[in-house]
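Using our numbering, the final residue of the sequence shown is 248, and nothing's skipped along the way.
By construction, these hints were calculated from the structure, which means they are not laboratory data. Honestly, I wouldn't trust all of these hints.
Unchecked claim - Calculated lysine-lysine pairs in the DSS-like style (CA-CA distance at most 30 angstroms, straight line):
1. LYS149 to LYS112
2. LYS241 to LYS112
3. LYS151 to LYS112
Said to hold, decoys possible - Derived Cβ-Cβ restraints for the label pairs, each shown as a range:
4. GLN224 to MET185: 34 to 44 angstroms
5. THR95 to GLY148: 26 to 36 angstroms
6. GLU203 to THR156: 17 to 27 angstroms
7. THR154 to THR219: 18 to 28 angstroms
8. PRO160 to PRO210: 27 to 37 angstroms
9. THR154 to GLU183: 31 to 41 angstroms
10. GLY130 to VAL158: 34 to 44 angstroms
11. ALA108 to ASP189: 10 to 20 angstroms
12. MET206 to SER228: 11 to 21 angstroms
13. ASP221 to MET185: 27 to 37 angstroms
14. GLN224 to GLN162: 27 to 37 angstroms
15. GLY186 to ASP164: 32 to 42 angstroms
By construction, the Cβ of each residue, glycine as well, lies at the ideal position given by its N, Cα and C atoms.
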Amino acid sequence: MRVVTVATEHFSLPDEEATLAFAGKIGRVVAGGQILFLRGELGAGKTTFSRGLLHALGHQGKVKSPTYTLVEPYQLDGLTVYHFDLYRLRDAEELEFMGIRDYFRPDSLCLIEWPEQGMDYLPVADLDIHLTFDQQQRQLSICANTAAGATIIKAITDDEK
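Based on the provided sequences and hints, a complete structural model is requested.
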């Protein structure tokens, strides 16, 4: 699969609150039919980011990492968010057996942690978000691979100005 990066931006997030706030900005502009890849080492903030995004979309409860269940669904007003964690996936082909293609619908938003574990079975992400922990803060790079992803980046960077 060939991915063409449309736009890339970099941000420093000094603490957990900044990570939640930044994810909230994205949560206010995403829509159904979109896919976000969340990359980073253990503890980089992928689940924290997911929590901020889900809360911005109106989810009131806890957000847990779906490390053992592979996917946690969140039914929100007019949108189903599927939060995947593929860290423990033994074989990418397991995604085919669980019906992975059925999750990518116009009325769903898919957040996928550890997408590299299932790359041959996943479509191109609208946004590819990479979190790293640098001393006392997180660094976030966000790449748009589609026009929808570029629209999201434009909306959040215009908001920063």
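Do the hints match the structure? See the list:
no.: 1; hint: LYS149 to LYS112; result: holds, 19 angstroms
no.: 2; hint: LYS241 to LYS112; result: holds, 11 angstroms
no.: 3; hint: LYS151 to LYS112; result: holds, 20 angstroms
no.: 4; hint: GLN224 to MET185: 34 to 44 angstroms; result: holds, 36 angstroms
no.: 5; hint: THR95 to GLY148: 26 to 36 angstroms; result: holds, 33 angstroms
no.: 6; hint: GLU203 to THR156: 17 to 27 angstroms; result: holds, 19 angstroms
no.: 7; hint: THR154 to THR219: 18 to 28 angstroms; result: holds, 20 angstroms
no.: 8; hint: PRO160 to PRO210: 27 to 37 angstroms; result: violated, 18 angstroms
no.: 9; hint: THR154 to GLU183: 31 to 41 angstroms; result: violated, 20 angstroms
no.: 10; hint: GLY130 to VAL158: 34 to 44 angstroms; result: violated, 21 angstroms
no.: 11; hint: ALA108 to ASP189: 10 to 20 angstroms; result: violated, 33 angstroms
no.: 12; hint: MET206 to SER228: 11 to 21 angstroms; result: holds, 18 angstroms
no.: 13; hint: ASP221 to MET185: 27 to 37 angstroms; result: holds, 35 angstroms
no.: 14; hint: GLN224 to GLN162: 27 to 37 angstroms; result: holds, 34 angstroms
no.: 15; hint: GLY186 to ASP164: 32 to 42 angstroms; result: violated, 25 angstroms
The structure does not agree with the numbered hints 8, 9, 10, 11 and 15 stated previously, though it agrees with the rest.
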